[in-house]
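Chains as they are written, first to last, in UniProt numbering: chain A, 1 to 298; chain B, 1 to 338.
Certain hints may be false.
Taking CB as the label site, the calculated pair distances span [to be verified]:
hint	chain 1	residue 1	chain 2	residue 2	range
1	A	Lys225	B	Lys3	17 to 27 Å
2	B	Asp283	A	Trp291	11 to 21 Å
3	B	Glu235	A	Ala208	12 to 22 Å
4	A	Lys255	B	Glu235	45 to 55 Å
Hints were generated in silico from the structure; no laboratory data involved. We treat Cβ as the ideally placed atom computed from N, Cα and C, and that holds for glycine.
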Amino acid sequence: MDRFRMIFQYFQSNSESVMNGICGLLALASVKMYTCFDFSCPCLPRYNMAYGLGIIFVPPIALFLCGLILNRQSLVMLEEWRRPQGHRKKNLAVIRYMCSSIMQRAMVAPVVWIVVTLLDGKCLICAFSSSVDPEKFVGFANASPVQVQQLLAKVPCKDDELMRNNTSRKAVSRYLRCWSQALGWSILLILIVAAFLARWLRPCFNQATLLQARHWSNYIDIEQKIFEETCCEHSRLFAHKCILHFFESMRQEIKLHSFSLSREGEGAEGEEYLLRCITDQDQVNKLLKMWYYEKPPL
Amino acid sequence: MDKFRMIFQFLQSNQESFMNGICGIMALASAQLYSAFDFNCPCLPRYNLAYGLGILLVPPFILFLLGFVLNNNVSMLAEEWRRPRGQRGKDPAVLRYMFCSMAQRAMIAPVVWVSVTLLDGKCITCAFCTSVPVETLGNTSHPGLSQGDMKRVLARIPCKEIYDGQELIANEVAVRYLRCISQALGWCFVLLMTTLAFLVRSLRPCFTQAAFLKSRYWSHYIDIERKLFDETCAEHARSFAKVCIQQFFEGMSTDLAAARCHPPRKAPADAGEAAEKLLGITDQGTMNTALKSWHRCKPPLHLHPPAHHSGNGWAGEQQPPAHPSVPRKETAAYYSRV
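Generate coordinates for the entire structure from the input sequences, incorporating the hints supplied.
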């Protein structure tokens with residue numbers, strides 16, 4: 001009983017900690033992806049905004065979908081949602097609980113990407129360099145509007161020959177980076193405050209319903225796993241019996257065709273029993289061919 | 001009983017050391033985050049102060065809240081605080097103890113961030129460069145600039161490559177001055193924090209030690225009780241699921257037998273365990289029906305006593321529940337099946 005309890009604890013803690021582990025791995029992968037990604041701003045007037053905003057928003061969507069795909073519970077939840085009612089009523093609170101827990105875990109990696117992108121600053125500089133007010137910066141105040149747009153679009157490219165030692169470029173770059181970092185820290189602050197409030201305030205509302213929803217969502221998960229285990233075990237035994245029957249029928253066929261075999265008793269068991277009937281290469285080949293061409297019925 | 005005690009001790013020590021570990025990791029992460037963060041002073045008159053103080057104060061606040069969010073005891077504390085009284089009284093001293101211990105652990109990472117920031121000096125240099133005393137540090141012979149221009153020039157002190165006020169005040173002089181103040185502040189802060197921690201630790205046993213021991217014991221108790229309850233529920237769910245599935249398969253084979261109008265085929269006596277494990281399903285059609293039925297018509301969450309095999313209604317026939325005239329089998333027998 002104690003061993004059962006210990007194995008069970010491992011099993012239960014396993015699925016929660018597996019999901020948390022996947023969530024953490026995705027977050028780390030997201031940071032690593034950002035550092036490996038070679039950001040290269042096009043430095044052209046209309047392309048900058050599209051590229052910059054694309055890099056901020058498209059990978060998070062992909063990471064979110066990855067988070068949903070890698071989470072086993074999303075399939076369990078979908079199945080519970082779509083199954084016919086049958087004899088078992090559906091509890092919407094359980095489905096809602098599972099959905100919210102899946103969403104929370106899937107949101108971590110996209111948020112990490114967005115925050116790292118904003119704290120780094122390159123994306124925002126690329127996207128919004130053309131939108132800066134040129135009056136604020138000395139080097140751009142005297143040029144014609146078209147020229148100003150072109151110059152501002154080139155601000156993210158340090159190595160451009162026009163921009164290499166331009167102090168106004170550095171000023172614009174710093175200005176935008178400062179905004180980008182402020183935005184990043186603000187988003188992080190808002191999310192952490194929301195998470196903190198959710199943690200503190202949740203027990204104040206409907207704690208009993210929450211405990212029930214959590215218990216039954218866990219139950220559904222465990223039931224699905226045990227059903228799969230039962231089916232696996234059943235199919236293993238089924239296959240074992242099926243194959244034994246096959247060998248038995250092969251043995252009888254061989255007996256019919258070759259009377260030179262000594263008549264062994266029916267009571268022989270185990271490996272020797274199988275071997276006695278099929279003892280040379282031809283017989284094995286015949287058996288294999290039969291297995292391929294005429295599988296026994298289920 | 002001994003095993004139970006070992007598990008108990010493991011759980012108890014584990015929670016404490018787990019929380020201490022998280023606390024240490026967050027402190028290291030805070031230092032690492034600061035060194036990875038690319039500090040970028042805007043070098044514009046009004047923005048500097050906002051940026052510098054923002055970087056000094058906002059991340060510690062985030063780390064403090066994160067320390068609470070990552071601590072599993074938060075929801076336990078809130079639950080204990082909000083639960084109806086019922087038959088168990090509530091002790092505010094226990095709640096206070098739990099809150100204090102969580103707050104103390106959550107304070108470590110922010111303190112590390114603030115100390116590292118002040119000792120490094122970039123934040124204070126950025127925030128207060130416009131307040132440098134030019135009269136004492138700068139060249140007094142320089143023609144006076146307007147206030148606005150002066151501020152604009154001084155705001156560029158942290159950005160060496162765009163600083164153009166070398167005649168007004170040397171960049172290195174200003175930076176060194178600001179850095180010195182920042183580091184002095186940093187060391188004072190570290191000293192203050194360690195003194196506070198020392199006082200809290202050493203003075204507490206002088207006052208209310210007995211009450212403290214009591215609060216600590218009962219807060220651990222609440223934590224362990226909650227964990228054991230969760231484990232028991234999970235174990236119960238597993239047993240429930242096993243029996244439910246077992247009864248589902250038995251119901252299936254009863255229904256099939258009823259549909260074919262002969263009594264359920266009992267496994268021959270010498271077939272042994274394997275035949276029982278086959279659960280009465282011995283061909284493809286039956287298995288397909290079982291799988292379809294599992295999806296279309298899950299069994300109700302209601303375990304009947306093991307004596308009578310009522311079908312789960314799949315064949316459409318309602319069998320009247322038989323009275324348990326046979327002696328009840330022990331439900332423990334089910335555990336060994338799968």
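Results for each hint:
no.	hint	in the structure
1	A:Lys225 / B:Lys3: 17 to 27 Å	holds, 26 Å
2	B:Asp283 / A:Trp291: 11 to 21 Å	holds, 19 Å
3	B:Glu235 / A:Ala208: 12 to 22 Å	holds, 21 Å
4	A:Lys255 / B:Glu235: 45 to 55 Å	holds, 53 Å
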